[in-house]
Amino acid sequence: MNYWPLLGVAVIVVGFALRLNAVPVVVGAALASGLLAGMTVPDLLALLGKSFVSARMLLLFVLTLPAIGLLEHAGLREHAQRWMARLRGMTLARLLIGYLLVRELLAMLGLTGVAGAPQTVRPLLAPMGEAAVEKILPTLDDADRDELRAVAVATDNVGRFFGEDVFIALGAVLLIQGFYAQHGIELTPLSIALWALPTAIAAFAIQSARIWLYQRRLQRRALRLRDGGAG
Amino acid sequence: MLRIQYAYWLIAAFLFYVAWRNLRAGQGWRAAFWLLLGLLFGGGDYVLAQQAAGHTLPAQVAGAVVIALAALAPRLRRHPHGEEGDAAQRLQSAIRLGHRLFVPALLIPLVTLLVALFGAHLSIAGHALFAAPQMTLTGLALACVVALLAAAWVARAPVHRGLAQGQRLLDAIGWAALLPLLLAALGEVFTQSGVGAAIAAIAGHLLPEGSAFACLLVFALGMVLFTVIMGNAFAAFPVMMAGIGLPLLVGQYGAHPAILGSMGMLCGYCGTLVTPMAADYNLVPAALLELRDPYGVIRAQWWSAVAIFLATFVMMWLLVFR
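Just so you know, the protein sequences line up as chains A and B, in that order. Take any residue in the first sequence, note its place counting from 1, add 1, and you have its number in our numbering. To convert, note that position 15 of the second sequence is 2 in our numbering; the numbers rise steadily by one, no gaps.
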């Protein structure tokens, strides 16, 4: 067993730990691993080039930027904030948990591409969430804003990840089925997808509880600020 | 017929436009970076076709371009950019346009959804309108074009202003946009150079004898750890299954294969929530939402990941050895 290619993993760990620019770190790790495994330079270059262009779909979100940018220029985020501030009974927790539910259900139907950070979180969920936070805590500073945005992205990710495994025709289930089939165990996709359901429910409950705790933390801070202001 | 390749050409055209605008603004390095990336997108299909036909030279050139991008990336300082136009003007526009602003934004998910649901049935004169591979993503690309036109119409602004605003957002994201593709390529190189096999061998040495629970724990933690390293549970799954899952848990301890596979994969997903290697979910959104801490999203996900892992592991332990 050749353990030397593991040094590529070490390059990644050290690079991220030292907060170096991630792009050269990742390429350096690939070169280190490949060369230590005994690949020739032309083979390694070809592998790097081929794998990179095969992954082009990961940059598809760039196409959303002109439309989103134009709408933001025309005041989309300001409008989302104003609308949210007017909606009575729409609290931060209801907004985020409602989004989590819709996102997870859509992912269960295999519709992972319809929402995401560029399509829905930046233009809609984040500004609406900021307005909801401002209802609780009018003195919102930059750190609070960053935290809200991070929670919004996290909610989007959790909904997507733990919903998509329940869908029978998506990558994960087919990968599991294919792996077993190669090793002589025949399973139906449905039997695999079904066992993702308990975790899907647990993930929804856990993320909802964390959103609720986040809201309660903000409310307590607002209460303390008010008491402090009065006294 | 609409194919995913057209979306790549559209991205290439947009990247060339971004490069040209940066060049005119005197940002030479930035222009070179987006130009090279645009070339990779425009020429990608040629590279893959030549590779399939046994000619590796275009792929080698593409690999050299990737290295050039890595050399350029540190020169792209992320500049904290002020929003263009003043806030008062945006607010006025928001009041004037009202809910109409939501329409183009919602068109992106809506058109994508319609193509995903009904795209397979659409045809013009007997020719299918959408090619079957990657139909949802082709739909997303189409939705973006429709949304841009709708946004220009709603805001009474020329389309090129949208492209300029898109350039502003892309420059704000900067080199982070490249990470998902690079990490996918890294995963491929790791697999080919036997990193997975080496990790599975180490996990095998650490494995205690005779305890089904300990074996399951090493399997689940191995899925998490390997996913953290590779940034992707799909890469971790075959390695951990071949090393521990199939021979020991299924073969020796009689684990239920469907439960082991499904919940084992979900343990890996918990790893995805906490690793910078899953850049498309963790780092790119942080840049897109202009968080000052690039690891802010991971911080927000940390305790969710721990709790979901524990819940999944306990359920797996209770169910898998029935």
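There could be a bad hint or two in this list.
What the hints assert, rightly or not - Rough simulated footprint, nothing fancy, chain A against chain B, three-plus residues with beta-carbon under 8 angstroms:
no. : stretch
1   : 15 to 21
2   : 41 to 52
3   : 108 to 117
4   : 121 to 129
5   : 292 to 304
Derived from the structure by calculation, the hints contain no laboratory data. Glycine included, each C-beta is placed from N, C-alpha and C at the ideal position.
Hints, one by one, checked against the model:
1. 15 to 21: Violated, because only 0 residues of the stretch 15 to 21 of chain B bring their Cβ atoms closer than 8 angstroms to Cβ atoms of chain A.
2. 41 to 52: Per the Cβ count (9), the hint holds.
3. 108 to 117: Since three or more residues must qualify, the claim that chain A covers the stretch 108 to 117 of chain B is violated, with 0 doing so at under 8 angstroms.
4. 121 to 129: holds (count 6)
5. 292 to 304: holds (count 5)
In summary, the structure is inconsistent with hints 1, 3 from the numbered list given earlier, while agreeing with the others.
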